[in-house]
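Q: Here's the letter readout for the chains.
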Amino acid sequence: MTVKSAAKRPAPPVSFLSSMWAVVWKDLAAELRSRELISAMLVFSLLVVLIFNFSLELNARERQEVTAGVLWVTFVFAGTLGLNRSMAIEKDGNCLDGLLLAPVDRAAIYFGKVIGNLIFMLLVILIVLPIYSILYNTNLFVPGLLVTILLGAIGYVVSGTLLAAMSVQTRTRDILLPILHLPVVLPVVISAVRASTYFLQGQPMDLIWGSLNLLIGYNVIFTAAAYMLFDYVVQE
Amino acid sequence: MISARNLVKRFGLKSVLRGLDFEVAEGEFVGLLGPNGAGKTTFLRILASLARPSLGRVEVAGFSLPEQAAQVRRRLGVLSHQPLLYPDLTGEENLTFFGRLYNVQNLPERIRNVLALVGLEGRGRDLVRTYSRGMQQRLAIGRAVIHDPDILLLDEPYTGLDQDASAMLDDVLRKVTAEGRTVVMTSHDLVRAQDLCSRFDVLTRGRILASASRQDVPPDGLQAFYRRSVSSLEPGRAGAHDG
Amino acid sequence: MNAKPKALMALDVASWALLAVSVYLVLVYAPMEAVMGNVQRVFYYHVAAGWVGMIGFLFAVFAGIMYLARGDRKWDVMGLAGVEVGLIFSLINIVTGSIWARPIWNTWWTWDPRLVTATIMELVYVAYLMLRQGIDDPDRRARFGAIYAIVGFLSVPLSFFSIRIWRTIHPVVIGSGDAGAQGGFDMTAGMQVAFFFCLFTFTVIAVDLLWHRVRLGFLADKVEQLKLKFSS
Ligand SMILES: Nc1ncnc2c1ncn2[C@@H]1O[C@H](COP(=O)(O)OP(=O)(O)O)[C@@H](O)[C@H]1O
Ligand SMILES: [Mg+2]
Chain W
2 MTVKSAAKRP
12 APPVSFLSSM
22 WAVVWKDLAA
32 ELRSRELISA
42 MLVFSLLVVL
52 IFNFSLELNA
62 RERQEVTAGV
72 LWVTFVFAGT
82 LGLNRSMAIE
92 KDGNCLDGLL
102 LAPVDRAAIY
112 FGKVIGNLIF
122 MLLVILIVLP
132 IYSILYNTNL
142 FVPGLLVTIL
152 LGAIGYVVSG
162 TLLAAMSVQT
172 RTRDILLPIL
182 HLPVVLPVVI
192 SAVRASTYFL
202 QGQPMDLIWG
212 SLNLLIGYNV
222 IFTAAAYMLF
232 DYVVQE
Chain V
37 MISARNLVKR
47 FGLKSVLRGL
57 DFEVAEGEFV
67 GLLGPNGAGK
77 TTFLRILASL
87 ARPSLGRVEV
97 AGFSLPEQAA
107 QVRRRLGVLS
117 HQPLLYPDLT
127 GEENLTFFGR
137 LYNVQNLPER
147 IRNVLALVGL
157 EGRGRDLVRT
167 YSRGMQQRLA
177 IGRAVIHDPD
187 ILLLDEPYTG
197 LDQDASAMLD
207 DVLRKVTAEG
217 RTVVMTSHDL
227 VRAQDLCSRF
237 DVLTRGRILA
247 SASRQDVPPD
257 GLQAFYRRSV
267 SSLEPGRAGA
277 HDG
Chain R
178 MNAKPKALMA
188 LDVASWALLA
198 VSVYLVLVYA
208 PMEAVMGNVQ
218 RVFYYHVAAG
228 WVGMIGFLFA
238 VFAGIMYLAR
248 GDRKWDVMGL
258 AGVEVGLIFS
268 LINIVTGSIW
278 ARPIWNTWWT
288 WDPRLVTATI
298 MELVYVAYLM
308 LRQGIDDPDR
318 RARFGAIYAI
328 VGFLSVPLSF
338 FSIRIWRTIH
348 PVVIGSGDAG
358 AQGGFDMTAG
368 MQVAFFFCLF
378 TFTVIAVDLL
388 WHRVRLGFLA
398 DKVEQLKLKF
408 SS
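Chains as they are written, first to last, in the working numbering: chain W, 2 to 237; chain V, 37 to 279; chain R, 178 to 409.
For the record, the hints were derived by calculation from the structure and aren't laboratory data.
Per label pair, the in silico range of CB-to-CB distance:
1. R:389 with V:259: 51 to 61 Å
2. W:225 with R:194: 45 to 55 Å
3. W:225 with V:102: 22 to 32 Å
4. W:74 with R:186: 47 to 57 Å
5. W:225 with R:389: 35 to 45 Å
Below are the SDA-like pairs computed for lysine to any residue, each with C-alpha atoms no more than 25 Å apart in a straight line:
6. R:406 with V:52
7. R:251 with V:42
8. W:92 with V:162
9. R:251 with W:229
10. W:92 with V:125
11. V:50 with W:236
12. V:50 with W:233
13. R:251 with V:103
14. W:92 with R:317
15. R:399 with V:52
16. V:50 with R:318
17. W:92 with V:192
18. R:404 with V:55
19. R:404 with V:72
20. W:92 with V:167
21. R:406 with V:240
22. W:92 with R:306
23. V:50 with R:396
24. R:251 with V:88
25. V:50 with W:237
26. R:406 with V:57
27. R:406 with V:49
28. R:404 with V:49
29. W:92 with R:318
30. R:251 with V:47
31. V:50 with R:317
Built from N, CA and C at the ideal position, the CB exists for glycine as well.
One chain only, chain W, in its complex shape (with noise of 0.2 Å):
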């Protein structure tokens, strides 16, 4: 049983997408384990569409009205409880370093935790869709609709993702999070409402553009200044 291999030479560098597929597998094998993020979060957005239904006396008419509001809302709270679970697991024992022990790029790690967080936040989303689909009687399954909630669900997750591992590092942690995000999350949840509730209108594709594109520069922005940033996040 030789444990000090014959080659003195260390492994070559692993590439980007295998690291970054490796920190995605992590979090997807744990999550399958203990449940804990998913159900908080889909548990969590069961209760706020039902409260909405009782502090909004939902009437047929006006529920065509706040739907996407409601969703929306209901979206951006379940997704800051996963965001903050899914960094409190890497902050907690200090895992973190050992992921910034590895040889890996730091934006490696950043995407990694960004596609888990956002397979997390598409799971709930894919689940409470049908649910509110049939206890209000709607029909959600509008193609543009779903784009726009794949869009408003990458900014979130892309801004969420670097603002909750500089949260989590604070000792305020848990409340921090929301407070530092929303005002910045601000953009993406506007303009993901507005064209959510185009689509459901059925308003024809010029009104809705404008709303899309803004989506889209968002996420552009929000990734590219994530990748510079990420770096000075976890850097000591």
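Given the coordinates of chain W, work out where chains V and R with the ligands should sit on it, guided by the hints.
A: Then chains V and R with the ligands, alone, in the frame of chain W:
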């Protein structure tokens, strides 16, 4: 293998390391001793490329930090008081994950070997959350050596372990370090340090002001040497150097 | 460093003098606007405060970039100064806007893009202060502050455009007026004098305050250093 020149680390305005010089040759096992808050962890974090020095030059395995951090990281294994493991993954999955990050070849075989080395053969499929503190620490050693590093940094590896677990850790550390690895270990446990280390450096007030090789310290004499080194820093005698 | 620099002293005096003159220009010299009446006079300070608030935040972003590039603590002190000055003047901007809106738009508050964006910007930088509050390690505080100052500032124009999708009723006084805007007007020569004078005055005041705040930060560092020296 490791060299630090005039190393300064400040947190804000507070200087923790103040012009520290440190040199380790290949194959040495250096015990880094010093009172709480002396800056041992801070120093190891700099060597591990987790923190950046405020001033000074640091070279590890012939690469300078922080510029060539990636090169250093590939050759470095780190064990801290926390195990740096994911409790919701099994032992094997943890090693698989870190093995992938280090691009370890023949990973399944390597994992079997490492689990055997740290005495966790039967427990690889169990969740780390179900491990005892001692088992977690042993798996943490497995994580630290999964990529067969040339250099090991150990920060208080005995913290929180009971007698049995400590003895087992001793055993594992001996095996892991018997293969010509260079090791720097911080420890409060002078007895264990005396057993394991080939050299003792005392870090106080942000510098290494006393150093002794194993031959210079009589058996059971480490305690006395440590006392002398720390107390030689009383005002007026702060210049005392290299015991 | 310890004694107040002569230039700063001169700037203090200049700020007070300019402020006094601007009060005269705004309240007496500038002609009364025909439609809106005296309440329009708040406009001079309103725009000047908004302008200076923006300068403060921009300065913080610049300092943030410099901090990340150089790692020098002085940029952190400057960034914080920029944010604090920016917050004060933006608040003045929002409050004076509200005072103006009451008689003109018949409401204290409206969900106009500029108004909302100004408020969001204010919230972004309040969050910035809360972030700093939550961090004990001064290096990390500086690093995260710099990052958030930049990220927050990136989102501000995006917020503006996303709200713009609703129609605006905010007047655009300078440049082309929006057809739907209420409360727009053309500036006469007298108004222009008061307007540009206020911009200048507030800029000087902002520079003066920034300087004081930065100096205070440096002095605080010095006190901290002395404390450390004594305790060790
Ligand atoms: N991130 C940090 N911010 C501020 N001070 C720190 C930080 N990390 C360590 N310190 C300070 O540095 C000193 C040395 O700490 P450490 O390296 O952990 O000592 P040791 O490991 O020798 O007990 C302590 O006084 C500690 O308070
Ligand atoms: Mg320590």
